[in-house]
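*Asks:* Protein chains in written order, with our numbering: chain A, 904 to 983; chain B, 904 to 983.
Do not rely on the hints blindly, as some may be mistaken.
Note: identical chains are not told apart, hence a pair may lie in one copy or across any two.
[Said to hold, decoys possible] Restricting the straight-line Cα-Cα distance to at most 30 Å, the calculated cross-link-like pairs of lysine-lysine (DSS-like) are:
{"#": "1", "residue 1": "Lys967", "residue 2": "Lys927"}
{"#": "2", "residue 1": "Lys927", "residue 2": "Lys938"}
{"#": "3", "residue 1": "Lys938", "residue 2": "Lys955"}
{"#": "4", "residue 1": "Lys923", "residue 2": "Lys955"}
{"#": "5", "residue 1": "Lys955", "residue 2": "Lys927"}
{"#": "6", "residue 1": "Lys938", "residue 2": "Lys915"}
{"#": "7", "residue 1": "Lys923", "residue 2": "Lys944"}
{"#": "8", "residue 1": "Lys906", "residue 2": "Lys944"}
{"#": "9", "residue 1": "Lys955", "residue 2": "Lys912"}
{"#": "10", "residue 1": "Lys906", "residue 2": "Lys927"}
{"#": "11", "residue 1": "Lys906", "residue 2": "Lys938"}
{"#": "12", "residue 1": "Lys915", "residue 2": "Lys944"}
{"#": "13", "residue 1": "Lys955", "residue 2": "Lys967"}
{"#": "14", "residue 1": "Lys938", "residue 2": "Lys967"}
Derived from the structure by calculation, the hints contain no laboratory data.
2 protein chains.
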Amino acid sequence: MFKAHIEIKLKKGVVDPEGKNIEKTLHLLGFDTVKSVHSQKVIVVELDAASKEDAAAKVGEMCKRLLTNPVTHDYTVVIS
Amino acid sequence: MFKAHIEIKLKKGVVDPEGKNIEKTLHLLGFDTVKSVHSQKVIVVELDAASKEDAAAKVGEMCKRLLTNPVTHDYTVVIS
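Just chain A, same shape as in the assembly (with noise of 0.2 Å):
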């Protein structure tokens, strides 16, 4: 059994509301030293393989056919 840590994020210029609205809510808290709040989802997928390279396989066409969108997300995968 393989785990995959799938790492999603919006690409650079992609707008990110929830990031800014904690960044926002942050600033409200008295927290004056943030610079910037980023929001990433990740997505641990536990599967059966037959070896390393074939989990990571499998996990790169769950990403391109439902995990992802290649128009906003850049992810990177780690396999354990």
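Chain A is fixed; fit chain B onto it per the hints.
*Replies:* What follows is chain B alone, placed relative to chain A:
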């Protein structure tokens, strides 16, 4: 300037509908070897602080006051 990488996940036993839905959809798409899927959230905060310890203390307070819910969330913070 320090960068805090805050990974927020649901506590054990808390229902993760997003993860469950992704799992179901992956099965429907033919990824039969998927055993489980969990969703998590990452918030990246860039902030000024006197030291790494000071940054960690500030981020801990942000987590308590705004970013996490102690009833449902576990979180880890990595400062770099």
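*Asks:* Work down the list of hints and note, for each, if the structure agrees.
*Replies:* Evaluated hints:
{"no.": "1", "hint": "Lys967 - Lys927", "in the structure": "between (33 Å within a copy, 17 Å between copies)"}
{"no.": "2", "hint": "Lys927 - Lys938", "in the structure": "within (10 Å within a copy, 39 Å between copies)"}
{"no.": "3", "hint": "Lys938 - Lys955", "in the structure": "between (39 Å within a copy, 16 Å between copies)"}
{"no.": "4", "hint": "Lys923 - Lys955", "in the structure": "between (37 Å within a copy, 24 Å between copies)"}
{"no.": "5", "hint": "Lys955 - Lys927", "in the structure": "between (42 Å within a copy, 23 Å between copies)"}
{"no.": "6", "hint": "Lys938 - Lys915", "in the structure": "within (17 Å within a copy, 33 Å between copies)"}
{"no.": "7", "hint": "Lys923 - Lys944", "in the structure": "both (16 Å within a copy, 15 Å between copies)"}
{"no.": "8", "hint": "Lys906 - Lys944", "in the structure": "both (16 Å within a copy, 17 Å between copies)"}
{"no.": "9", "hint": "Lys955 - Lys912", "in the structure": "both (24 Å within a copy, 25 Å between copies)"}
{"no.": "10", "hint": "Lys906 - Lys927", "in the structure": "between (35 Å within a copy, 17 Å between copies)"}
{"no.": "11", "hint": "Lys906 - Lys938", "in the structure": "between (34 Å within a copy, 10 Å between copies)"}
{"no.": "12", "hint": "Lys915 - Lys944", "in the structure": "both (15 Å within a copy, 19 Å between copies)"}
{"no.": "13", "hint": "Lys955 - Lys967", "in the structure": "within (18 Å within a copy, 38 Å between copies)"}
{"no.": "14", "hint": "Lys938 - Lys967", "in the structure": "between (33 Å within a copy, 19 Å between copies)"}
In the structure shown, no violation is registered for any of the earlier numbered hints.
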